[in-house]
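Chemist: Working from the sequences, and respecting the hints, build out all of it.
Chains as they are written, first to last, in UniProt numbering: chain A, 1 to 588; chain B, 1 to 101.
Wrong hints could be hidden among the right ones.
Reference excerpt, derived from the structure (chain B facing chain A, CB under 7 angstroms, subset only) [what the hints assert, rightly or not]: (1) ILE16; (2) PHE24; (3) ILE45; (4) ASN82; (5) ASP84.
Read the hints as simulated data drawn from the structure, not as lab findings.
C-beta atoms are modelled at their ideal positions from N, C-alpha and C, and glycine is treated no differently.
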Amino acid sequence: MDEPLTDNRPLRILIADDSDSDRLILKTLLRRLGHEVEDAANGMEALDIFRKSAPDIVLLDALMPVMDGMEAARHIKVLAGERLVPLIFLTSLSDADALARCLEAGGDDFLTKPYSRIIIEAKINAFNRMRLMHRTLSHHRDLIRERNRKLLEEQEIAKRVFDNVAHTGCLDAPNIRYHASPMSIFNGDVLFACPRPAGGMQILIGDFTGHGLPAAIGAMPVAEIFYGMTSKGFSGSDVLREINQKLGRILPTGMFCCAAMIQADFHLNQLQIWNGGLPDGVLLRKNGARENIVSHHLPLGVLGTARFDAGMKIFQTEPGDTLLMMTDGVMEAENQQGEMYGEQRLARSLNEAGQGDSPFETVMAGIRAFTGNQPEQDDLTLFSLGMVEEGELAGVSERLPQSALEGPAEWHCVYEVQDRTLGQFSPLPLLLHICMEVPGLRRKSGEIYTLLSELYTNALEHGVLGLCSDWKATPDGFGQYYAERERRLGDVAGHFIRFTLTHTMTDRGGRLAIVCEDSGSGFDYRKESSAAGSECRYSGRGLMLLRKLGHSLNYREHGTRAEIVYDWHFSEVATREGSTIQQPGGWS
Amino acid sequence: MPIHTHRSEDGQTLTIKIEGRFDFSTHQAFRDAYEHGDEKVTTFIVDLSDTTYLDSSALGMLLLLRDYAGGDNARIRIENCNNDVRRILSISNFEQLFAIR
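Modeler: What follows is the structure, given as structure tokens:
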């Protein structure tokens with residue numbers, strides 16, 4: 001659209017009339033009203049002018065030589081296309097049939113001769129309003145059409161990105177069957193499967209509240225965390241905790257992800273399952289017995305980390321057992337009468353299955369027969385995992401995806417707080433934040449914070465401020481200690497506390513080395529720590545905490561330099577071959 | 001203040017609730033919370049349900065409270081700790097000195 005949508009510019013009006021005098025009268029009249037006027041003596045001329053100058057409004061005499069008004073009107077409407085060009089017939093006809101024919105030919109109104117200036121002005125204004133409104137609407141329609149086209153194009157590309165992230169796993173393993181139906185370009189459901197480095201596989205099936213783009217945006221980090229952590233050997237519980245934390249942070253309240261995590265071990269023939277908000281799964285035993293896998297947890301992204309329970313339930317299995325999990329689209333699949341498939345029909349489908357029938361095919365056939373191939377109203381994901389002998393899956397675990405969740409693994413950072421900033425600012429949240437970028441450390445945020453905080457407190461109070469914890473021996477001394485702390489913080493010019501953090505990867509996890517140096521004159525760390533054992537003292541527990549949480553603690557340079565090493569481990573990584581059993585928490 | 005106190009109806013139990021970080025900055029408020037009580041109080045409850053973090057100086061403050069309340073005869077319960085807080089209390093063997101629930 002090159003014209004502005006509202007304008008006060010003069011209208012371009014085309015007049016076609018074979019009577020020279022009538023034409024002159026009308027032309028003069030319209031010019032006085034401020035419009036630009038072009039005129040033609042017959043329909044053919046009018047068409048030529050119309051093609052050249054695209055007028056806004058056309059006034060046509062009905063009866064003209066060469067080409068009459070009705071014929072010209074039809075051509076003009078075609079030429080105008082989508083543009084609304086009001087056509088007003090100029091006529092002295094009073095016969096109703098003739099007037100009606102004018103309108104049928106595409107006319108919008110009449111002006112009867114002799115002309116009334118007031119009526120002409122009123123009609124032209126009225127039609128101009130209509131013309132502008134039509135143009136505004138067309139413009140909006142074009143915008144919407146264009147935006148929609150762009151949106152679909154973007155979704156198409158985004159879907160390709162999403163598919164690359166989401167479907168890099170082992171969903172094509174011979175013991176996995178699944179059906180995932182997208183309701184729109186994006187599926188509100190997620191289904192990921194990934195081999196574990198120590199053997200076996202981990203599967204996540206989930207259903208985001210909502211559909212389309214919002215659900216897909218939530219699914220992206222879930223896919224990254226799932227594949228990244230699983231391929232590094234993190235347990236299902238660890239992955240769940242991480243996903244829950246991430247979703248809790250990024251999803252708006254009211255949006256969450258119902259999900260089940262399945263950790264399959266084909267060596268021990270054992271399943272560990274966590275179900276948070278999905279319909280009951282079914283574990284079908286080889287002998288025909290069935291066990292429901294009930295949801296005992298809230299969906300992911302609802303509870304805070306402290307209250308989130310990632311404990312998985314263990315099921316002993318045998319080769320030939322099958323696990324079926326599904327999203328609520330299966331339960332809510334509707335037939336033509338608007339009834340839902342539901343648990344009872346699912347159970348009936350399974351009851352009717354013959355010996356040796358695949359439970360997955362049985363349920364899919366049941367849903368199809370029930371819905372009569374209705375288009376699915378909800379995202380519908382059905383998944384089955386066959387328990388097999390470990391040897392049957394040879395080759396699957398070699399296709400570990402390249403981890404998408406690297407996070408910073410090898411890094412070094414020095415942060416020094418100086419002068420009066422020591423009294424005003426705590427560097428601890430910032431330092432903790434840097435450490436929390438490492439996925440393996442995130443589970444240990446409490447311990448890392450304690451390490452940083454105790455190191456900082458010691459460096460500040462005993463180092464920079466030169467406070468002696470002997471003062472804390474009595475309740476009043478405790479108060480004096482902190483009053484003195486406050487007073488001395490006012491005079492810390494020339495002082496500093498420097499943290500040097502170094503993170504490296506090890507075979508079994510990672511190592512964070514923290515060095516904390518200060519500009520004080522040192523403190524007697526031996527005395528501080530030796531007294532920690534006695535229960536009657538109110539102080540001296542900081543060093544004890546540092547020692548117990550860290551792997552090693554060393555003080556150097558008269559106590560002005562503290563070095564601590566903190567090791568973390570991937571949980572439960574590859575202990576199968578070896579005889580050592582690792583602590584699940586990693587520290588010891 | 002991030003510290004709130006509550007007396008039971010019979011006046012014998014004083015609940016001290018600490019919000020956010022329990023560290024040196026709460027020292028005075030924590031001390032005020034129990035020292036201004038009267039002698040009817042026989043049991044103290046330290047409610048840590050809204051405490052996000054506890055450092056070594058807070059451990060010292062808990063010991064101050066313990067001695068104020070009668071040392072080995074003190075009746076103090078520490079309640080509703082989150083995992084991080086609980087871990088620090090247990091590393092310090094505070095289960096031997098306090099009833100931690």
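Chemist: Of the hints stated earlier, which fail here?
Modeler: 1, 3
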